[in-house]
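Asker: Sequence:
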Amino acid sequence: MLVHKVIASPVGQLKLVASDRGLRAVLWEEDNPARVPLDASRESGSHPFLAQAEIQLGQYFAGERHDFQLPLDFAGTVFQQIVWRALLDIRYGETCSYENLAHRIGKPTAHRAVGAANGRNPISIIVPCHRVLGKNGALTGFAGGLGAKTYLLNLERRCSDAE
Numbered sequence: 170m171l172v173h174k175v176i177a178s179p180v181g182q183l184k185l186v187a188s189d190r191g192l193r194a195v196l197w198e199e200d201n202p203a204r205v206p207l208d209a210s211r212e213s214g215s216h217p218f219l220a221q222a223e224i225q226l227g228q229y230f231a232g233e234r235h236d237f238q239l240p241l242d243f244a245g246t247v248f249q250q251i252v253w254r255a256l257l258d259i260r261y262g263e264t265c266s267y268e269n270l271a272h273r274i275g276k277p278t279a280h281r282a283v284g285a286a287n288g289r290n291p292i293s294i295i296v297p298c299h300r301v302l303g304k305n306g307a308l309t310g311f312a313g314g315l316g317a318k319t320y321l322l323n324l325e326r327r328c329s330d331a332e
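Going by this note's numbering, the letters in the sequence shown line up with residues 170 to 332, in that order.
These aren't lab readings, by the way, just hints derived from the structure by calculation. Just so you know, even glycine gets a beta-carbon here, dropped at the ideal spot from N, CA and C. Do not take every clue at face value.
Just the calculated beta-carbon pair ranges, DEER-fashion [said to hold, decoys possible]:
#1 V175 / T278: 31 to 41 Å
#2 T278 / G245: 15 to 25 Å
#3 G310 / T246: 11 to 21 Å
#4 P277 / N305: 10 to 20 Å
#5 R281 / R327: 29 to 39 Å
#6 A285 / L315: 34 to 44 Å
#7 R211 / R260: 32 to 42 Å
#8 V175 / A307: 14 to 24 Å
#9 P277 / T246: 24 to 34 Å
Please take these sequences and the hints and turn them into a complete structure.
Answerer: Here it is, written out as structure tokens:
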């Protein structure tokens, strides 16, 4: 059984979804339901994974947290999960290209497939798909919109420079 909670953030409302194994999704207010198919969920204000995620996201947006310490419950194909786990290795304040990410997972010609998996990342922000850019650093599609992607990248850049 999945549970969810909607929270306010500087990039709009986020819907946090958890299972009994961990955080399953961080969805955007205008997210396309087909992007991250989920079973039905019930609202919960007290689920421990949702509470932890809300606190840690608040710390992230305040510039106080660079790494999340949450159990994650990825639901996707084996290839998608490989890509999503590789996203976790992109350090706070840094970016990489789809091509570079394909090389990191040992599939140097799979940059389009990596892009598709990146676009279906269910755990936005915490699994930092926003840190992946197109060729030559171009901003590319993002489920939360390019404004949110820009906000997240600028937040991380500012907080990295302050250290």
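Asker: When you take the CB atoms of V175 and T278, is the distance between them in 31 to 41 Å?
Answerer: Cβ of V175 to Cβ of T278: about 40 Å, so the range 31 to 41 Å holds.
Asker: Hint says 29 to 39 Å; check whether the CB-CB distance for R281 and R327 agrees.
Answerer: holds (32 Å)
Asker: CB of T278 to CB of G245, is that within 15 to 25 Å?
Answerer: holds (21 Å)
Asker: Just to be sure I understand the hint, the distance between the Cβ atoms of P277 and N305 should be within 10 to 20 Å; is that true here?
Answerer: The hint (10 to 20 Å, Cβ to Cβ) holds, given that P277 and N305 are roughly 18 Å apart.
Asker: Can you let me know if the beta-carbon spacing of R211 and R260 is within 32 to 42 Å?
Answerer: holds (36 Å)
Asker: The hint says 34 to 44 Å between A285 and L315; measuring C-beta to C-beta, is that right?
Answerer: violated (18 Å)
Asker: Does the beta carbon distance between V175 and A307 stay inside 14 to 24 Å, or does it fall outside?
Answerer: Taking Cβ atoms as reference, V175 and A307 lie about 32 Å apart, which means the hint is violated.
Asker: Should the hint that P277 and T246 are 24 to 34 Å apart at their CB atoms be regarded as holding?
Answerer: Check failed, 19 Å falls outside 24 to 34 Å.
Asker: Are G310 and T246 spaced within 11 to 21 Å by their CB atoms?
Answerer: holds (20 Å)
In the structure shown, a violation is registered for the earlier hints numbered 6, 8 and 9, in ascending order.
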